[in-house]
Amino acid sequence: MTGGMRRACLGAAGIVAVPGAAQLAMQAGGTGQKVFPLPSTVLASTWGMASDGTFWSSAAATAGAWAEAMAVSAAIAVPLGLVLGSVPWLEYAVRPVIEFARPVPSIATLPLVLLIVQDNTKTEVAVIALAAIWPILINTVYGLREVDPVARQTLQSFGFGPLSVAWRVSLPSAAPFIATGVRIAASIAFVVAIAAELLGSGMNGIGSYLTLAESGTGGLSPILAVAVWSGLLGLAINGALEAAERRAFRWHHQLSAALAGAA
Amino acid sequence: MRRLTAAGARLAVLAATLGCWQWAAKSAASPYFLPPVTILADMHQQWFSGPAAHLWLNSDGTGNLLPSLGRMLGGLAAAGLAGTALGIAIGRIQVLSDLTGPVIHFCRAIPPPAMVPVFLFIFRIGTPMETAAITFGVIWPVLLNAIDGAQHVHPGHMETARAFRLGPAQRLLRVILPSAAPKIFAGLRVALAVSMVLMIVSEAEGSTDGIGRELSIAQANLDIPVMWAVIVLLGLLGIALNAAFLLAERRALAWQHAAALTG
Chain F
1 MTGGMRRACL GAAGIVAVPG AAQLAMQAGG TGQKVFPLPS TVLASTWGMA SDGTFWSSAA
61 ATAGAWAEAM AVSAAIAVPL GLVLGSVPWL EYAVRPVIEF ARPVPSIATL PLVLLIVQDN
121 TKTEVAVIAL AAIWPILINT VYGLREVDPV ARQTLQSFGF GPLSVAWRVS LPSAAPFIAT
181 GVRIAASIAF VVAIAAELLG SGMNGIGSYL TLAESGTGGL SPILAVAVWS GLLGLAINGA
241 LEAAERRAFR WHHQLSAALA GAA
Chain Z
1 MRRLTAAGAR LAVLAATLGC WQWAAKSAAS PYFLPPVTIL ADMHQQWFSG PAAHLWLNSD
61 GTGNLLPSLG RMLGGLAAAG LAGTALGIAI GRIQVLSDLT GPVIHFCRAI PPPAMVPVFL
121 FIFRIGTPME TAAITFGVIW PVLLNAIDGA QHVHPGHMET ARAFRLGPAQ RLLRVILPSA
181 APKIFAGLRV ALAVSMVLMI VSEAEGSTDG IGRELSIAQA NLDIPVMWAV IVLLGLLGIA
241 LNAAFLLAER RALAWQHAAA LTG
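Sequence order for the protein chains is F and Z.
1 is the number of the first residue of the first sequence in the working numbering; add one for each residue after it.
1 is the number of the first residue of the second sequence in the working numbering; add one for each residue after it.
Treat the hints with care, since some could be wrong.
Said to hold, decoys possible - Output of the computed footprint for chain Z on chain F, the stretches with three or more beta carbons under 8 Å from beta carbons of chain Z:
1. 9-19
2. 90-96
3. 103-116
4. 193-201
5. 209-223
If you are wondering where the hints come from, they were derived from the structure by calculation, not from laboratory data.
Even glycine gets a Cβ: it sits at the ideal position worked out from N, Cα and C.
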């Protein structure tokens, strides 16, 4: 435990030391202050932003689009992944189409989607979903490959139909893999959300707030403050999903540990 | 033989998909959904109608595709070098990894597009800004994987190196770097997709040339053919770069497969 304590103390020291050293160096040398604000100034504007209603309504808009896109992606990718994962020849045939579609950076489709959909929020959701769908789909297909064939065949021989087998065996046993896909997709979705808000004029969100801060008179420190807050939001999203995953799939980790022990 | 027919089936599915797209887009005659043949013709006219001596690039191609590629590869190279150097130092020195751990995890959580306005403020419009934005976006997977790789060098290999009295430089080049290399390559490949998103966003935000800039001009002019051309071009570029990375990786790590076979 002392190792953990030591690590925590050193980590906290690092969090303080990095901006602290920059502060001292900049104050001593007086260099670069024309462009770079002092870390204390950035800290003050980060603190000030905590009570800025406009920032928080922007953050709420980003979070809303993010959540909607995640729901849409999961609703498309999980059933599709279940089908592709259960029918190997179909997965084999469709794979090249997926491999051609996946590398297209979804953000490049934003102007076209905006023209077709004619709605800022729907466009943002669609562009985010276009990026978030892939990790969920691929992890679902991968998870289905790990389904215990004996369990599946047992249910089949008791006369359960394919849907029933998918619901009772395949989905639960692929669930931990799907959850990992969702967690990867969530952080990609957050990145694409902000990129979309920066590119699409008239959108609402952290990216649009950044554009506003850019044209303001506050210089670099409010822009950096937004970056700090979005980093904290990113940490919160990832932390929450990791915790949920650990809680929901404790049985999976215990099972795989037990299986590894037995083998 | 079986494999050959299977590969043929795959190609047939891909061709059929393209054929359906061509037929559907042609018969729908929608201004938004262009048939692939038209898109290819647009791409040819936009960038690739130049002489063979210029790799078939015309002036638009050399003026926009080459700068974009240069920024992407420059950012990836800078992130690869800096991430590897820092990662190995941090990974081999325990105090350093304890000190910097939380700082690195925080920086990595910042969605990279949110840093584009920061770099725009520091560097103003131009290639340094885009390269810096791409480098910031892609350094984290490389850095984290390099740290991980350097921390998990086989202890037996390190002891052998010590027994043969290899100096620190020899140990770094002959033991640590090769054993971290697979993870570093994996990190770079993850970084590839992010680098493309940042190339588009940073060029759209602050550049006078590049693919991202062309996309934002197309967005302003509602120029659908260019939007499609950019989408398809970036998809093909993604596939080509990924393949090139895999090839380079296989070349650079060929000794490892050999070692795994003989060892």
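Hints, verified against the model:
no.: 1; hint: 9-19; in the structure: holds (count 8)
no.: 2; hint: 90-96; in the structure: holds (count 5)
no.: 3; hint: 103-116; in the structure: holds (count 12)
no.: 4; hint: 193-201; in the structure: holds (count 5)
no.: 5; hint: 209-223; in the structure: holds (count 7)
When the structure is compared with the earlier hints, no violation turns up for any of them.
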